[in-house]
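Undergrad: Okay, here's what each chain looks like letter by letter:
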Amino acid sequence: MPENHITEEIKALIGTRNGPVLAFHPVEASEVRRFHQAIMDPARRYWDEEWAKSSRYGGVVAPPAFPPLAFRRAPDEADPLDRMGEPGFDGNTRNFRGLPPVKVSLPRLMNGGYEYEFFRYARVGERIYRSSTYRDIYQRNGRSGPMVFVVVSDMYTTDGNVPLVNMTTTTILR
Amino acid sequence: MNGIYFEDVSVGQDIPNLLKGPMSTAHLVRWCAAMENWHLIHFDWKYATGHDKLPDVMVNGTWKQNVMIQLLTDWVGESGWLWKINFQFRGMNVPGDLLTAWGRVGAVESRGDYGVVRLDIGLRNQKGEEGTPGSATVVLPRRGGPAVPYPFDPACLGPAG
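If you read the sequences in order, they're chains A and B.
Take 1 as the starting number for the first sequence in the working numbering and just add one per residue.
Take 1001 as the starting number for the second sequence in the working numbering and just add one per residue.
It is worth saying that the hints were derived from the structure and are not from the lab.
Since the structure is predicted, the reported quantities are computational estimates derived from the model, not experimental observations.
Note that CB positions come from ideal geometry on N, CA and C, so glycine has one too.
Among the hints, erroneous ones may be present.
[What the hints assert, rightly or not] Simulated crosslink set (DSBU-like; lysine-lysine; CA at most 30 Å straight-line):
(1) B:Lys1127 with B:Lys1084
(2) B:Lys1053 with B:Lys1127
(3) B:Lys1053 with A:Lys103
(4) A:Lys103 with B:Lys1046
(5) A:Lys53 with B:Lys1127
(6) A:Lys103 with A:Lys11
(7) A:Lys11 with B:Lys1127
(8) B:Lys1046 with B:Lys1127
[As the list claims (entries may be wrong)] Coverage of chain A stretches by chain B, computed from C-beta distances (three or more under 8 Å per stretch; other residues unrestricted):
(9) 68-78
(10) 111-118
Model the full structure from these sequences, guided by the hints.
TA: As structure tokens, this is what we get:
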């Protein structure tokens, strides 16, 4: 039988919340440009201020799924690449949006899937907040061994608690 | 980019595909830099194939999700609204892949002044292999009806049928 990674300590994490956490800086036009260029989506709402002013958005906006990626490293925050060369370093963080760590001894991490509900797009200059919850943590045993699924729900808002997007992610530790 | 009306949509209808690629490591690095993601499986071939036993460096799931979102935002235009979308990353995509995002209408429902459309969606590679199956729900205006409110509030749809 594969090892059971879902200990009482792990089970107790389900329902834990964190936030709201404020993104280090407001939405910048340059990061919106790099984002929409990297996904190769040339829609005018992301760059044409003249057009956007008279649109339903009232100004240039970031792509729908931008808010989750708006949480940049602050200048005084540790450089994640300082850990390059350490055993087990994969360049990724297992910090689930500031929620308590999921301490399981599985070395690989995969992105399992996403669910989004969109309410509004973030405008350039707006601040973004994130509130996170562990929805579920469970194990499945596959052909390649045990896999632990970590389900996190994040609500993103802007000032005034105005909802932008609700995102639920499944991360697979294997 | 013109929008569409609920009356123009029927079950079984295919929406226009969205093509991306062929993908290259440059596309992956550009995305990693834009989102500041340093997960080695996206740009370190030795790590991806050695440590993680993958066939190559991986096209980011976060990049693919934005392609799926664009498929729908392009289709509904500026008068409709992509309300919900979900997908699972079941298949890997690697440099060289030519990706086709696709969608097919699965159900239509009139709610309040608007139309709600559910679609099956996915992202196939050049071999036709489906790697990112999912579904989406969009809200469309009716011909002669009010615009879908922005910001979007699901309460505008009234109770679910």
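Undergrad: Compare the structure with each hint and give your call.
TA: So, going through the hints one by one against the coordinates:
{"no.": "1", "hint": "B:Lys1127 with B:Lys1084", "result": "holds, 28 Å"}
{"no.": "2", "hint": "B:Lys1053 with B:Lys1127", "result": "holds, 22 Å"}
{"no.": "3", "hint": "B:Lys1053 with A:Lys103", "result": "holds, 23 Å"}
{"no.": "4", "hint": "A:Lys103 with B:Lys1046", "result": "holds, 27 Å"}
{"no.": "5", "hint": "A:Lys53 with B:Lys1127", "result": "violated, 43 Å"}
{"no.": "6", "hint": "A:Lys103 with A:Lys11", "result": "holds, 11 Å"}
{"no.": "7", "hint": "A:Lys11 with B:Lys1127", "result": "violated, 41 Å"}
{"no.": "8", "hint": "B:Lys1046 with B:Lys1127", "result": "holds, 25 Å"}
{"no.": "9", "hint": "68-78", "result": "holds (count 3)"}
{"no.": "10", "hint": "111-118", "result": "holds (count 8)"}
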